[in-house]
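Using the hints provided, position chain B relative to the given structure of chain A.
Chain by chain, the residues:
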Amino acid sequence: MDAALSVRNLRAYYVTDYFGVRREVRAVDDVTLSVGKNEIYGIAGESSCGKSTFIKTVAAAIRPPLRVLGGSIKYSFLDRDLYDLDEKKLSDIRWKQLSCIPQGSMSVLNPVRRIRESFQDFAFPHMGLDRSEFGKVVNRHLERLHLQPTILSSYPHELSGGMRQRVAIALATVCRPEFIIADEPTTALDVVVQKDVLALILETQREIGSSMIFVTHDLTVHANISDRLGIMYAGRLIEEGPTRDVFRDPMHPYTRHLVASLPRIGDLTAKAALTGTPPNLAQPPSGCRFHPRCPLATDICRQANPELTTAVPGRRVACYAVTPSPEARAMTNHRMTNDRFPPS
Amino acid sequence: MSPLLSIEHVTKTFARGGVFGRTEFAAVDDVSFSLESASPEIFAIIGESGSGKTTLARMILSLESPSAGSIRFLGTDISKLRSRRDRLQFMQKVQPIFQSPSEAFNPLKRVDRYLFASAHHFAGHRTRGGREAAADEALKKVGLSLAEVQGRYPHELSGGQLQRTAIARALISSPALIVADEPVSMVDASLRMSIVNLFKTLRDQLRVSIIYITHDLATAYYISDRVLILQKGKVVETGPARQVLSEPRHPYTVRLRESILSLDDADRIHADG
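Chains A and B supply the protein sequences, listed in that same order. Take 1 as the starting number for the first sequence in the working numbering and just add one per residue. Take 1 as the starting number for the second sequence in the working numbering and just add one per residue.
Bound-form chain A, shown alone (with noise of 0.2 angstroms):
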């Protein structure tokens, strides 16, 4: 296989059950997409654009009320769907194949014991290697992340935020596993520690050659790390594309406003707000989800969902204002003849 990672119509929702009543949020709804190998694919949306529900499950960390309802996760290093595997296989993927960077760095540190311990608790079992060999593997690595290996005697609040994270970011490569997902890892941080960690980031997924989902909001942090960039909107991928592509030639509607709403130093155009709110998914808008909100709407997107399509190679767009369907194309064509020849 090519792909790193292959999602296919991946159907996640949150769904309960009280009373009788029978609630489902949709809150990943039919989402497909490929990571390749050594690449870093980078996920943007807002809130409850289902980003962070998308990696829970990616990352085999979900748990009732939400479930898989539908599609398949397969990556390279396993022989089967990930939600075919049991426990124990999980298990032994876990941190070694697969690993995580997490928003906050105490998600992954224990305050109560030292970072010392954080390694060999994660690390150590999956590597094989005698203590003294491991210690040694241990210490390279941190001074390659500019951390000082007498860090590992500290406990985490004796430690910078920045510092954790770069911690957190250790642990999560230490076992050059082939995945990594990162989750929103700088948002937390101070702006001049941001640029480090980002670089840093960059430079050991490059070094490691791991293939890596990077997950958040902020358009500028891609900027500096996702080679290829998939934004998300209530639940659905609706575009994707190079990174550098994507924010020089936005194609969505949502994607255009976005990037043009991004204040620059030295810019003082005034900048528009888009209207409305993000639709509730427990209840989505009928035909495409941001017709609500979209100036370029028309009477085909309140009816049908735009599927995500090839707009040009390497790109794709969920829009019928950029890949008209053929009914669309065939009620323009109507209009466009009854203009040119009115009916008498």
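Derived by calculation from the structure, the hints in this document are not laboratory data. Incorrect hints may have been included.
[Unchecked claim] On the chain A side, residues computed to face chain B include the following (Cβ under 7 angstroms):
| hint | residue |
| --- | --- |
| 1 | E46 |
| 2 | T187 |
| 3 | D190 |
| 4 | V191 |
| 5 | T243 |
| 6 | S261 |
| 7 | R264 |
| 8 | I265 |
| 9 | A273 |
| 10 | L274 |
Since the model is a prediction, treat every value here as computed from it, not as a measurement. The C-beta atom is built at its ideal place from N, Cα and C for all residues, glycine as well.
Using the frame of chain A, we list chain B on its own:
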């Protein structure tokens, strides 16, 4: 005419440690600036976490008192406000907006109660009709209406709507100064500009001065008239916004400026494409 707000050599120290080995550190260290009454402005205070910007905001709102120096509002030293009447008058004129809309509102209370309470205490509306009219008028200024938020709990509104409701609440008393501490950092990017643009309208049409506390240099560049850069409690640079942010002089400001990420970085990083 006395300045609207005058901060003179304000310092705030906190003590760290237990009974043995107690040290003091200055969260805010000798900060001075002033805002004029005649022309409303948006004054940005930029700093990272731990720079003292929130402590400074709390002192301006009279929630804490300085360890040294003085803060004067329209000529009166605010640490001298003792009586309930004096404090109420001050709070009427100086209103806060905080970072997290979901923390500013009690999840078990309907949001209109906050609006009605402000209308009652700060704008003197004693009748229900008066309170509702005041709330509706304030909500219209932020692009909402009483019909949209009446009877709603915080979880029924989006982050953007909640933050705009918080701003409406702050406007009910017709304040002269609004202290906004990171007002847009938790709001989605697609809605952020609607709130940032709103601040411009508040300054230009309602003649309200705004102290805009943020770590985001880009929005500060976009709407501020003047900026003040704080590092570890000390002022490192201050001046007109465009000038300081386009041509920073102090090394720390330069570093802040260089750390800003931008969409154009994609061209540089993926040049091998």
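Now the hints, each set against the structure:
1. E46: Given a least distance of 4 angstroms, the restraint on A/E46 holds.
2. T187: violated (10 angstroms)
3. D190: Interface hint status for A/D190: holds (4 angstroms vs cutoff 7 angstroms).
4. V191: Nearest chain B Cβ about 5 angstroms off; hint holds.
5. T243: holds (5 angstroms)
6. S261: holds (5 angstroms)
7. R264: holds (6 angstroms)
8. I265: OK, holds: A/I265 within 7 angstroms of chain B, min 5 angstroms.
9. A273: Status holds, d = 3 angstroms.
10. L274: holds (4 angstroms)
In this structure, only the earlier hint numbered 2 is contradicted, and the remaining ones agree with it.
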